[in-house]
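Chemist: Residue-level listing of the chains:
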Amino acid sequence: MEQLLLLIFLPLAGAVITAFSGKSAKIISTVIAVISLGLALFMACSFIPDASTQFEANLPWISDLGIRFHAGIDGISMLVVLLTNILIPIIILSSYKHDYKNPSAFYALILFMQSGLLLVFTSMDAFLFYIGWEAALIPVYFICAFWGGKDRIRINMKFFVYTIAGSLFMLLGIIYLYLQNPAHNFDINAFYALNLDSYQQGWLFWAFFIAFAIKMPIFPFHTWQPDTYTAAPTQGTMLLSGIMLKMGIYGVIRWLLPIVPQGVHDWANVAIALSIIGIVYASVIAFTQKDAKRLVAYSSIAHVGLISAGIFALNQQGMQGAMVQMLSHGINVVGLFFVLDIIYARLKTNKIEDLGGIAKVAPQLAIVFLIIVLGTVALPGTNGFIGEFLLLMGVYNYGIWAAAIAGLTIIFGAVYMLRMYQNVMLGKTNELTISFTDINGTEKLVLYIICALIIVLGVYPKPLLHLTEASVQHLLEQVNQKLNTVN
Amino acid sequence: MGNLTTQLQGVPLNHYIYLSAIIFTIGVIGVLTRRNAIVIFMSVELMLNAVNLLLTAFSVHSNDPSGQVFVFFIMALAAAEVAVGLSIIVMVYRNTKSIDINVLNRLKW
Amino acid sequence: MGTQVFYFVATLSIIFSLMVIFAKNPIHSVLYLILTFFTFTVHYVLLNAQFLAVVNFIVYMGAIMVLFLFVLMLLNLNKETEPSKSPLIKIVGVIAGCCLVVTLIGSLKAATISSPLILKNPGLGLVENLGKELFGPFLLPFELSSLLLLAAMVGAVLLSKKDEVEA
Amino acid sequence: MTIEQLIWLVPLLPFLGFVINGLGRNSLSKGLVGVIGSGVILASFIISLFIFFSLNGDAQKSHEVFLFDWISAGKLHIPLSFLVDPLSSIMLLIITGIGFLIHLYSTSYMHDDAGFGKFFSYLNLFVFFMLLLVLGSNYIVMFIGWEGVGLCSYLLIGFWYTNSAYASAAKKAFVMNRIGDLGFLLGVFLMFNFFGSVEFAKIFPQAANMLPGNNTIVLITILLFIGACGKSAQLPLFTWLPDAMAGPTPVSALIHAATMVTAGIYMIARSSVLFDLAPFTQNIIAIIGTATALIAAIIALTQTDIKKVLAYSTVSQLGYMFLGLGVGAYTGSFFHVLTHAFFKALLFLGAGSVIHAMHHEQDMRHMGGLRKKLPVTFLTMMIGTIAIAGLPPFSGFFSKDEILANAYEHNKVLWAIGLFTAFLTAFYMFRMMFLTFSGKYRGTHHAESHIHESPKAMTIPLIILAVLAAIGGAINIPHVFGGNAWLEHWLSPVVAQHELGLDHATEYALMGVSVLAALAATIYAYSKYVKGAHVPVADEAPRSALAKLSYHKFYLDEVYDFLITKPLDALSKFFYRILDSKFIDGIVNGLGWGTNEASKGIRLLQSGNVGFYIFMMVFGIIALLLYTFLYI
Amino acid sequence: MNIIITISITAFLVLYAGLFKANKALLPLTVVGLLTALGFTFCAWGGNAVHYGMMQTDNFALAFSGICIVGTLFIFLLTQNYFHSKSDNIAEYYALILFALAGMIMMVSYKNMAMLFVGLEIMSVSLYILAGIRKKDFASNEASLKYFLMGAFSTGFLLFGITLIYGATGSFDLDKIEAYLIANPQTISPIFYPGVILMMIGLSFKVGAAPFHFWTPDVYEGSPSLITAFMSTVVKTAGFAAFLRLFAGALSPLHEFWMAPLLVIVCLTLFIGNVTALFQKNFKRMLAYSSISHAGYLLFSLITLTPQSGSNVLVYAAAYTFASIIAFAVLILVKQKTGSDSFESFNGLGKRNPLVALCLTVAMLSLAGIPLTAGFIGKYLMFLNVMKEYQILLVAFAILNALVGFYYYFKVIVAMYFKDGAETELSTPVQYKVVLLISVVITIVIGIYPAIILNLI
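Chains as they are written, first to last, in my numbering: chain A, 1 to 487; chain B, 488 to 596; chain C, 597 to 763; chain D, 764 to 1395; chain E, 1396 to 1852.
Note that these hints are calculated values from the structure, not bench results. Please read all numbers here as calculations on a predicted model, not as lab measurements. Be careful, since some hints might not be right.
What the hints assert, rightly or not - Simulated pairs of lysine to any residue, SDA-like, Cα-Cα distance not exceeding 25 angstroms:
hint: 1; chain 1: B; residue 1: K595; chain 2: E; residue 2: A1534
hint: 2; chain 1: A; residue 1: K97; chain 2: A; residue 2: I35
hint: 3; chain 1: D; residue 1: K824; chain 2: D; residue 2: N956
hint: 4; chain 1: D; residue 1: K838; chain 2: A; residue 2: P463
hint: 5; chain 1: D; residue 1: K1329; chain 2: A; residue 2: E353
hint: 6; chain 1: A; residue 1: K360; chain 2: D; residue 2: G785
hint: 7; chain 1: C; residue 1: K757; chain 2: E; residue 2: F1533
What the hints assert, rightly or not - Here are some, though not all, of the chain E residues that point toward chain B, as calculated from beta-carbon distances under 8 angstroms:
hint: 8; residue: K1531
hint: 9; residue: F1533
hint: 10; residue: A1534
hint: 11; residue: E1537
hint: 12; residue: F1548
hint: 13; residue: F1555
hint: 14; residue: G1565
Claimed, not checked - Computed list of chain D residues with no C-beta within reach of chain C, every gap over 10 angstroms:
hint: 15; residue: L772
hint: 16; residue: D1126
hint: 17; residue: R1134
hint: 18; residue: P1156
hint: 19; residue: H1215
Glycine is no exception: its CB is placed at the ideal position from the N, C-alpha and C atoms.
Take these sequences, add in the hints, and give me the full structure.
Modeler: Set out below in structure tokens:
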């Protein structure tokens, strides 16, 4: 329990320290993020991979409203906690080459967001979950709106209002559940135990699903995303795509499926249909994108669509695939955005047509970029494959046509990713790219870590799968059991 | 005097209510149709008086003096309001040389 | 016979109050208002609320109306300076008023309190009676009314006096 | 040392080579890179030989070697494990053997290239993935290799990435492979659903007890075949292979002739138990194979690029192999894989030698009369040509005739087309030979003086391959010639067998006809290109309709462009510009806009006019009273 | 009782001090007086004294008195550098604010309609004057006149309502009215109902609920900022307490009847307040509309009556009061520096004045209802309250409105941090800093641990 509290509040304390640290914010925040990572790894090592909730903290908070500080980690949580703690140091490191104005605020916000994210990923109290959900949103809004690019104010406002719209409806659902709960508290287990009729479950499903769908985002709730990703500073984009997006997925797994299984059962068709439409739709759009960042943004929509479809297929493969893919997508997309950031930092453009031939002048970048691209297109042996394979299998168990259409992602993904890679890295160098210098220092460190993760997870994903297996199985049993008792 | 009033009794309470409502509404119409701040203010006084009358009627009807005490308070208010209101109007007049309420529409939207 | 007096006075009240709001000249309005108040005094007498009748006479007709007149004269607004509202607005205003009276009376219509007003205690409206009430249960609001009057006084002085500093 | 103890070394060595060469590509000397690159493959080859012979002497013909659990989720358990059996062991030999020769050849061929180290690391990686493909004991491990070779193909085709056209060709190869891969993957899913496993050892015994015609199995096999189509360049997914000639020539030899493209055939042969249960699929395979063989052969007739001719011939030969698979001649097809590996690697390397000598000139219209300058190359290539043309007693004759005989038994039309294709094959191959080596030199005089025979490192592999191409047919001499059909025997534990139901006379007749056809084609080519000294016309010159069709590859690329690429791009633009920006985002923004407009409108209520305010208040009061007392 | 006396005496003392031109002594005097009043509030805590049958100082009253006193105290602290340059009548201003506060104390603790009426009028009359305190300023004049005319007009309706209720029940005492309702559930006099509606209208006017809100934006904009701060925070809180005391107390047996019209008022208020605020270019006017919208949320507490309604309103009112005080304090600072209260004048504020900007950000987040600020807890309680009756559609509607709210509250944050401006450096007097910091701390503490005020009532 102490470990968990430390895990959640260390970044918060770090944020406060960083906020007052002036010029040395970079270093301090890095140290704190690394300590958090160490703590998370330590916890992961001492984690017993069964279905139980561990490191549980259950403290009274606002007793009158039935709100407790109830948090704990099971296999599913552990995975996303790890993801968060791995990516935050990477993201902080990736910012080293930038000299952002107000660095202390910048890094403090990142650490603050980390706390919020960890709260989301560990909370077992719906109210706490909601608090974390919003607490993670505010910092990223400020990061994107303060250090972002062109038209950032309008775009981020849209993003903010859009996501908060979803979350407010989720709040509606949470309150409703609270009132339904005879114990009048927000405890997740009490919510699991509720018996709601299918009408209630139906609208609760939508109240939650829209919040999560906007966060992920799933077609047609995605239109905030490409603009925001493009306009945000790269670290903001990484936070958004690497971690924040997983909040939506995690929410579906943790809060949607077990609480309203009947609703999920009734509406899974729609959810999967939307997800799959999103896959194809976003992939097709990605074909002709001119801005590399926007292209990756659309690719992210496609990938998330697959994850969501895999989850709603409600089987072990899909769910496990979603778990792995959450981590993989986080790592890959951060890598992609980082490479684009490196290019942007040097050449001040992410326009695909302006680039070309960078491989000639920056062979190391070309190689790591290729590995990341391959991870993204799910080449066997990379982390992307494990997730996508399991997801497609999960979707396949749901329906062969769904899998066939969702599977288009492996073709389309290759098309747009390689098209981008070719136009950016290959071909002849032009006047702009001739001056390009290869990666160095922290850039190398970050990219090598990412590449190592891509390959190691691709070759030996077993620890990861093992970590989540029992929890996922338990969750599915829970869902199925509830479905059976209702019917 | 007591004799006289005893003789005059027998008016249904309803009619007092109607009378008050009508006078009250006349006051409202005055507020609605006039532009002169003072006349509007006078219409408001009309409304207050309608209320006073009704209160007294209720007071008599339920044989309870508190209604009439309340009228007293209303009169006190009316006095205070008139003092403040008229000084506001005077103040406005000093600045705008008008007590037409339509002149005052800088603050809008 | 007795009730006819009420209806007669009531009709006068209504007519005079209508004159108040429809008189073009504000001075006339004030004068009509005084008349209206006078009819109200009569009503109070009829209701055996002698104290109120006296207070109404003194405070309203005496003090308040004089104040109105005084201000009107002070501002030299005795002419028909008011650029009257467009007829449309007037008509709409009157219609709205009629609607209000209809709805008010309509909502009160349900009130079938047609029981005639019987004076149970002839001394109800006497000073003695009211004084006991005022300095008994209503002592607190009565005392606190002084705050109201004081505030009004301070305010009236504050607003009316010429302020040299603020220029 | 047992097979179990050694087998993991076979893929590991090339992988080590990849890592070392990859990391040291800038620091290691070229010599060392070459030694490491070739050496690991040689070592693998030696181990493979050892494994092959110990398997030969072993009663147990199938060894499964478990390495570690790779993926497990629910009922799905995918171990990373290897399967050593006759089929894979012989594939190991081809991959490492030919692979080694090509590596050796490359040390010389690529010697002057800046990316020497990179090239060898890629080649090593390719061998690694190919070995994984054939060694995998389940479809998923096979899929790793399957996609991995696709990746290496991408890397190697785009080796000279500064040329955009090459990079595009690489991308095209990868994407087309991916289309097939999706089919493969779906097939695997279906298999898992149907059999509850993706392990060969669990699927095939179950399938062996089933009756043909099961719909699920038909679907599985069709999906798998789609996968094979992509990898083995069959209609309609073959257009990537000719473009893949953008890579360095050893790559073409290794990947696009000897190994990777045969993965599809390997996979179908491996799954022959399943395919046998699905006659419908088999028919499709046979038809597609035949069509591919014919169309590729027709295209090859008019090509002027020496590597393009060979590329189309590869496609055509692959078509043959699929024809064989379709008619149930799994062994025959696999036999053809083997012989084709020999002579096609030989031909490509020979072509590489020519190109090397010509300083990267590939257009045959600028060659001619090279026989004297490049005697070794000419001789070895001639052997390869004869082998591919199916003239006895060279290897191609045996394998091709086995397929044709099976096809004849199965369906006469397929046989006829196959025969016609054989005729075309002989013609265009000899056309290539004659255009290149006989007649007069057609290039510049300056270039002519620099032409000389390739160094030893290049010619030795040519010679070895020539020998193999000549005598390789010996491993499966059919019974009709009194042979013992060793290969058929060797593969019998793994691959479904069919007894050829033809009598010997028919067999002889068939062989005679095909040999005659090949001879006729040879003679026609000789008369046209040697006697007639015919040279193909320039690109722009007018051609007859058929020649035009052939020369422009039946406009397949254009058709695909028109049918798929263009509409997709248009769709993309439509989605992005209209649907996404205008419609979906429009709704979202519209809500914001609407609220803003509402704000603009409603704020006008606040007109600043007290009279109006009071009026609104009165109106509100009336409405509220009415609402309360009329509706409550 | 003691509280009112203390405040009144302070007011008299202040007036006298003004007479002797002891301007320096005014603020300390006031602060001491208010702190004493606050002390009395604490002392009376837990008791439920009834004074003369007119005032009931129960915890509800005391809690709201406390908020009003603290709010007023803050307002007084903000007078530093505000009035001195403008006029020498500070004593009168102080006294008027204190009179208004006394009126408010009456409003939050009344037990008799007469007290409500007198308290309300003391407050209103003081405010009419305060709104017009800048005599030469057209805007101030206009605000004053508008407020006065409409206020007097609405008083008529309030009185009519009181009269009708009196006519039906024969008493002004809340307990007796409630007893009447409980005793005659079936035979309630028909004139009682319009009385209730008219009272609702009168009180809605005071708290600025639509469609009786029209005075709010104009008066708020035209009045001096400090007075606007007073009006929109403390006064509003008192108005709600009065509203709640009557409707959640005496009139609660008739809840079903008056809920329907109240629902209409709530929806209109939410919609008009939020939507109109969206387009405003002027920060002050935006705050006025936002105060209308908050009135809508506050009225939620009356839609479902529970024992917690009072404390819910308290939390919300506290959150709203302190956040608004911050907003106005910053507004005053900015206006003093730039002379404008449009959004543009906030541009680039964050760069030079990180503390002020941070405080304003917290205030805006709280007003918008972002978790970990008091505003969220307040909104949450309101939503929860309504959801209890499963008025899901109403909550959904409120949520949509809250969304609009995010937009305009963030406008000022955007202006401060993300827009380039003149980078003016504000001179922030000490008292302002104190007020800002205390308010921020209160806002965040309530946001994180609302239990401290959740159970007060």
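Chemist: All the hints need checking, so say for each whether the structure fits it.
Modeler: Okay, the hints, checked on the actual structure:
1. K595/B / A1534/E: 11 angstroms, holds
2. K97/A / I35/A: Status holds; Cα separation ~22 angstroms.
3. K824/D / N956/D: The hint is violated at about 29 angstroms.
4. K838/D / P463/A: 17 angstroms, holds
5. K1329/D / E353/A: 19 angstroms, holds
6. K360/A / G785/D: 16 angstroms, holds
7. K757/C / F1533/E: Since the Cα atoms of K757/C and F1533/E sit roughly 17 angstroms apart, the hinted pair holds (cutoff 25 angstroms).
8. K1531: 7 angstroms, holds
9. F1533: Result: holds, 6 angstroms to nearest chain B Cβ.
10. A1534: 6 angstroms, holds
11. E1537: Hint holds; E1537/E Cβ to chain B Cβ min 4 angstroms, cut 8 angstroms.
12. F1548: Holds, about 6 angstroms.
13. F1555: 5 angstroms, holds
14. G1565: Cβ of G1565/E sits 4 angstroms from chain B, so the hint holds.
15. L772: 98 angstroms, holds
16. D1126: Given a closest Cβ separation of 93 angstroms, the condition holds.
17. R1134: 110 angstroms, holds
18. P1156: 114 angstroms, holds
19. H1215: 108 angstroms, holds
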